[in-house]
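S.K.: The task is simple: from the sequences and hints, build the whole structure.
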Amino acid sequence: MEHFALWLAAFLTLGIISFLYKDNAWYKLTESIFIGLSAGYWMVSLFWDNFYGKFWVNKSESPYLYVGAVLGLLMLLRLVPRIGWISRWPLSFIVGATSGLWLINYFSSNIMKQIEATILPLFSAQFGSGFDAGAAAIIGNLVIVTGTFSGLVYFFFSKEHKGAFGRTAKLGIWIIMITFGASFGYTVMSRMSLFIGRIDFLLSDWLGMIL
Amino acid sequence: MRREIPLLITGIVGVGFVIQYFIPHAPFSYMSDWFSDWFSIIGACAIVLGALNLMKISIQKVISRKKDWGYAAVIIASFLLIVIIGMVEGKDFRVPGTNFDWLYRYMYIPLSATMFAILAFFVASASYRAFRARNFEATLLLIAAFFVMMGRVPVGDIITGFMPEGWRLSNLASWVMNYPQAAGQRAIMIGIGLGIVSTSLRVILGIERSHIGGGE
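If you read the protein sequences in the order shown, they are chains A and B. Just so we're on the same page, my numbering is the position in the first sequence counted from 1, plus 5. Just so we're on the same page, my numbering is the position in the second sequence counted from 1, plus 360.
Derived from the structure by calculation, the hints contain no laboratory data. Hints may contain errors.
Derived coverage of chain B by chain A (criterion: at least 3 residues anywhere in the stretch with Cβ under 8 Å from a Cβ of chain A; other residues may be distant) [as the list claims (entries may be wrong)]:
1. 362-368
2. 376-383
3. 439-453
4. 514-524
5. 550-556
6. 559-573
From a predicted model like this one, the values you see are computed outputs, not experimental measurements. Idealized CB from N, CA, C, for every residue including glycine.
M.R.: Okay, here's the thing in structure tokens:
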């Protein structure tokens, strides 16, 4: 069984990789298997974790959970065109909950915490310890403070980017370009690491060429 | 009725989540727990809706013998295979050694990991077009990506091995990630945060209504 499993995994891996040559029947077959398995995997996982784990197990001691179950069932009414509009109720619940949650969470994490982290001492490693920081810390902190400020100025479109404001915005776009470049490099390397993992599987686990 | 009730639900739930943050005591703390549990349960039903929709489209494709209907049949078969096995195995479906775990390890992981891995090649081909140093901004993008990519592989440090440790490519890559990259990322995050806060407010106050769709 183990042997068959390895061959199956290799067959599927090579099927997806074959797309690098061109779109072909093998790729389409493995892609279809992936779509079916993904949908099924998430359905099974959420059924047992959320529906069974949260509702079914606790429903007798927490009757309020029935409201969630009813809203969930109402969601399925979207499949019945005549009364499909009722599915807007659970959808509105999801949208309302997400909005309420994100309003607070993003305000806290993306705005307040980021501003707090940007208010840095420029000429010392710690507040109150004078001019004792190394050059790297001073330059780094200056880059963070001016970079964040100028990046924000670039995103401010209510005022024309001219004069000192325009020059600050220009610095902002440079910083943002560096960010995009670094994020791009990071993403490529993480994908490459995944690809190396798959090649390693093919060469060592499947073919046994690397011991 | 068809528009007012959804707007009311959105407003009450949204305001409820905001209040429970500022007043983390009963009854608002209960409200937060209740809403979170309901959210999870509705999420489980929503994925069923999505899966059933996928099945509906695939079955229609097979019945009407549309182009590539065979692949739609494969989608249905693989979906049913994992769902039946997962349901039969019960709540311990993830335990190592189960049939579901076998499907996950030898089919789902190879497929998903390879699918994401080949994106590296598409990103690389996109970079060929984007990275041509046509102006100063594109050159900055190129240099930052070069430092980060070379700094993440051993050859980067081998090439710069003759330099003091702090100036080697791995350290320069870390510096780029920790300072200029962090600064730009922070500006973007603050912008995203402001956008999300304003959109959430519009949704809760009923100004933004696209989620309840058109018609009556």
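S.K.: Within the assertion that chain A covers the region 559-573 of chain B, do at least three residues meet a Cβ-to-Cβ distance smaller than 8 Å?
M.R.: Held - the region 559-573 of chain B has 8 residues with a Cβ nearer than 8 Å to chain A, which meets the minimum of three.
S.K.: Cut-off 8 Å, C-beta pairs, minimum 3 residues; does the coverage of the region 514-524 of chain B by chain A stand?
M.R.: Since 0 is below three, the answer is violated.
S.K.: Apply the coverage criterion to the region 376-383 of chain B and chain A: a residue qualifies when its Cβ sits closer than 8 Å to a Cβ of the chain, and three qualifying residues are needed.
M.R.: holds (count 4)
S.K.: With a C-beta cutoff of 8 Å, work out whether three or more residues of the region 439-453 of chain B approach chain A closely enough for the coverage to hold.
M.R.: Contact hint for the region 439-453 of chain B vs chain A: holds, 10 residues under 8 Å.
S.K.: Tell me whether the statement that chain A covers the region 362-368 of chain B is true, taking a Cβ distance below 8 Å and needing three residues at minimum.
M.R.: Holds: 4 residues of the region 362-368 of chain B have a Cβ under 8 Å from chain A.
S.K.: How about the region 550-556 of chain B: do at least three of its residues have a C-beta closer than 8 Å to a C-beta of chain A?
M.R.: Contact hint for the region 550-556 of chain B vs chain A: holds, 6 residues under 8 Å.
The structure fails to meet hint 4 from the earlier list, while all remaining hints are met.
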